[in-house]
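Visitor: From first to last, the protein sequence lines are chains A and B.
Residue numbers for the first sequence follow full-length UniProt numbering, so the first one is 1 and each next one is one higher.
Residue numbers for the second sequence follow full-length UniProt numbering, so the first one is 1 and each next one is one higher.
Among these hints, one or two may not hold up.
Short derived list, chain B residues pointing at chain A, Cβ under 10 angstroms [claimed, not checked]:
#1 W230
#2 P326
#3 R330
Partner residues are not named here, just some residues of chain B that face chain A (Cβ under 10 angstroms, in silico) [stated by the list, open to error]:
#4 A11
#5 V12
#6 Y13
#7 L31
#8 N33
#9 A37
#10 R59
#11 N81
#12 Y84
#13 P121
#14 M182
#15 D186
#16 P235
#17 L246
Footprint (simulated), chain A over chain B, 3 or more residues, beta carbon under 8 angstroms [said to hold, decoys possible]:
#18 72-78
#19 108-115
#20 129-136
#21 255-264
If you are wondering where the hints come from, they were derived from the structure by calculation, not from laboratory data.
Where a beta carbon is used, it is the ideal one built from N, C-alpha and C, also for glycine.
There are 2 protein chains.
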Amino acid sequence: MLTSTSNDLEAVYRQPLSHSRQIFEVVSQHLQNHPDANIFILGAGGVQFLTQPAYDLIRTRSRVPVFYEMGAELVKRGNINLGYRSLVFMPSVSGTTSEAIEALRHAENQGASVVTFTGNPDSPIATEADFNYAMSLDDSTSSEIFYLAFLVVAQAVVSASGSGRPFSTFAEEIEAVPSALMDIRDSYDDQALSVAHWLSRRDYVMFTGAGNVWPETHYYAMCILEEMQWIRTRPVHASDFFHGALELLEDDTPVVIMKGQDAARPIADRAENFAHRISSEVITLDSGAALVPSLSTEMQADVSPIVLATMLERVSSHLEVIRDHPLTTRRYYKVIDY
Amino acid sequence: MLTSTSNDLEAVYRQPLSHSRQIFEVVSQHLQNHPDANIFILGAGGVQFLTQPAYDLIRTRSRVPVFYEMGAELVKRGNINLGYRSLVFMPSVSGTTSEAIEALRHAENQGASVVTFTGNPDSPIATEADFNYAMSLDDSTSSEIFYLAFLVVAQAVVSASGSGRPFSTFAEEIEAVPSALMDIRDSYDDQALSVAHWLSRRDYVMFTGAGNVWPETHYYAMCILEEMQWIRTRPVHASDFFHGALELLEDDTPVVIMKGQDAARPIADRAENFAHRISSEVITLDSGAALVPSLSTEMQADVSPIVLATMLERVSSHLEVIRDHPLTTRRYYKVIDY
């Protein structure tokens, strides 16, 4: 069901794809100019979680060294590998977060080239970068857009360094994703309502997942449920689940299992099977339930966190209504100084 | 106060240091043989958290690419960088964990050289490795021993690749650490008792820390309090604290701040200051309270997680008594199959 509003939304989802060729050129040029090139992914806060699937993709599928750094730690501690040979990618919604500005300046002072993705073209993080891609970002779509932008970055590095599929194959195939996300928003909405009802009754929820959907698992538990709904969560990687967290399970412990389509799915399956044996309060969010049949197996895997983010945005939109607790209400964030 | 028992314990702490020269030789040889060498740190479960400070040290202070991989994920997904040029380090107490055995075989099948640290010289992870260092490991000392072993590994990589302090300087200075840990066991014991009383009354505790003590923060919350005491925790990196978890704080929310002596200490300070403004139930464990004056500033920083592990082992030993809940009691782990 496409309305004029949803057409606009699809255009919003398309934004990062319109930069993909340029990003591939920037990466290719940098790798040509620096035979010892490396990549830094640098940020601050929850938005940085959204870059983790890209970090992991570069780390495991390319031979280009890649570094994932929290801005605050990098500035305090430094990294001997940051320098002229470094191409740095940073996400920032506002473009004004102080830790991120400091990290940007630190990177440029070391000689690195910096590419930023922001919601505001006039912010320091936009204007002080070597390249900025400004996009329209709001709370209900920014997760998907950053995931898409950094998937483009990751594939650009992998392809430009001579590994994996050609960039053009990727760029062509990913064109189908924005409209698929629109379909998911519609088709998942009823189920999202029941997930929201389930979540609304909890004062503690364990969240687990593995592979490229672990960052979304962590992000949703912390940045949405804790920050925006004040519900205690326990995000735990499914690879760690059996090394501690499992002992907390009782017959009514709420557990959310997040499942993607990548090679780590069996790790989440194992946690899911165990959780069902002990607790009657286990639910699963599976990106496979919203499969886009036209996509290749590889692309299905790569977009799993994006699909889950779309599903969860629907959950959040119901949750704030059911709990009469708007997502924008905070106790401390931007309310008191700290 | 040294008794014959504590002399034995000091000898236990010394074990990884007795291998330090050999480890430096293995690393130096590997870097000489492979100009494109890389390092993998590979494991399964909580013990792998204890290798994270070493991973971060190599990542930020040497130019040798280093990869931190969870065994289960690596086997399922692979990493294009794993091969003949890779020198792999693995910790394992039992030497029999199935995910770790699979990961070891996967690495060797790719052509990598594997160095293992185990508590059992006859286990598969010991016998199938290219080099094994078997040490006497029990629950009350294994954290410190793995931290020390991997600090040796990290410094060996940094020094052998031509960065940082000479290995001999490091090897000489670290000799003072085992007896310093013995002193901490004595001097911190009274305070450990009061921390244990504080913890014993909680059904949920937030844990935060940054830099090289974050892994110990995460490890203690998950592998001791959750697994062995069934207390719900929320481990959150201090760099992430202000991006979500802060909103959970109320006037009686229990928070533990872990502080080390490395450059990231101000990040934990910030979380500590905020937590005290909101909640009256905040305590801090500071490795600086147990400073070893003879150590250089750099070594004080590098051993912070080891100092905290020693302090926390004292806390745990009181906690299991106060709560009448032995650390060895499990609901599921090695009780049911999964």
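Visitor: State for each hint whether it applies.
Guide: Verification of the hints:
1. For B:W230, the interface hint holds, the least distance from its beta-carbon to any beta-carbon of chain A being 6 angstroms, beneath 10 angstroms.
2. Hint status for B:P326: violated, given a least beta-carbon distance of 13 angstroms to chain A, over 10 angstroms.
3. For B:R330, the shortest C-beta to C-beta distance to chain A is roughly 6 angstroms, which falls under 10 angstroms, so the interface hint holds.
4. A cut of 10 angstroms between beta carbons decides the hint on B:A11: the least distance to chain A is about 29 angstroms, and the hint is violated.
5. A least Cβ separation of about 23 angstroms between B:V12 and chain A goes past the 10 angstroms threshold, and the interface hint is therefore violated.
6. A cut of 10 angstroms between beta carbons decides the hint on B:Y13: the least distance to chain A is about 24 angstroms, and the hint is violated.
7. The closest approach between the C-beta of B:L31 and any C-beta of chain A is roughly 16 angstroms, which is over the 10 angstroms cut-off, so the hint fails.
8. Here the hint on B:N33 is broken, as its CB sits about 19 angstroms from the closest CB of chain A, past 10 angstroms.
9. The restraint placing B:A37 at the interface with chain A is violated, with a minimum CB-CB distance near 12 angstroms, outside the 10 angstroms limit.
10. Below 10 angstroms, beta-carbon pairs count as interface contacts, and B:R59 has one with chain A at about 7 angstroms; its hint therefore holds.
11. For B:N81, the interface hint holds, the least distance from its beta-carbon to any beta-carbon of chain A being 6 angstroms, beneath 10 angstroms.
12. Because the closest C-beta pair between B:Y84 and chain A is about 14 angstroms apart, greater than 10 angstroms, the hint is violated.
13. About 24 angstroms separates the beta-carbon of B:P121 from the nearest beta-carbon of chain A, more than 10 angstroms, and the hint is not met.
14. With a least beta-carbon distance of about 28 angstroms to chain A, the hint placing B:M182 at the interface is violated under the 10 angstroms criterion.
15. With a least beta-carbon distance of about 29 angstroms to chain A, the hint placing B:D186 at the interface is violated under the 10 angstroms criterion.
16. Against a cut-off of 10 angstroms between C-beta atoms, the interface hint on B:P235 holds, since the closest Cβ of chain A lies about 9 angstroms away.
17. Hint status for B:L246 relative to chain A: holds, with the closest Cβ pair at about 6 angstroms, below 10 angstroms.
18. Judged by the Cβ-Cβ criterion of 8 angstroms, the segment 72-78 of chain B is covered by chain A as claimed, because 5 of its residues qualify and three suffice.
19. With 0 residues having a Cβ less than 8 angstroms from any Cβ of chain A, the segment 108-115 of chain B misses the three-residue criterion, and the hint is violated.
20. Three residues within the 8 angstroms Cβ limit are the bar, and the segment 129-136 of chain B against chain A gives 0, so the coverage statement is violated.
21. Judged by the Cβ-Cβ criterion of 8 angstroms, the segment 255-264 of chain B is covered by chain A as claimed, because 3 of its residues qualify and three suffice.
Violation of the numbered hints given earlier is confined to hints 2, 4, 5, 6, 7, 8, 9, 12, 13, 14, 15, 19, 20; the remaining hints are satisfied by the structure.
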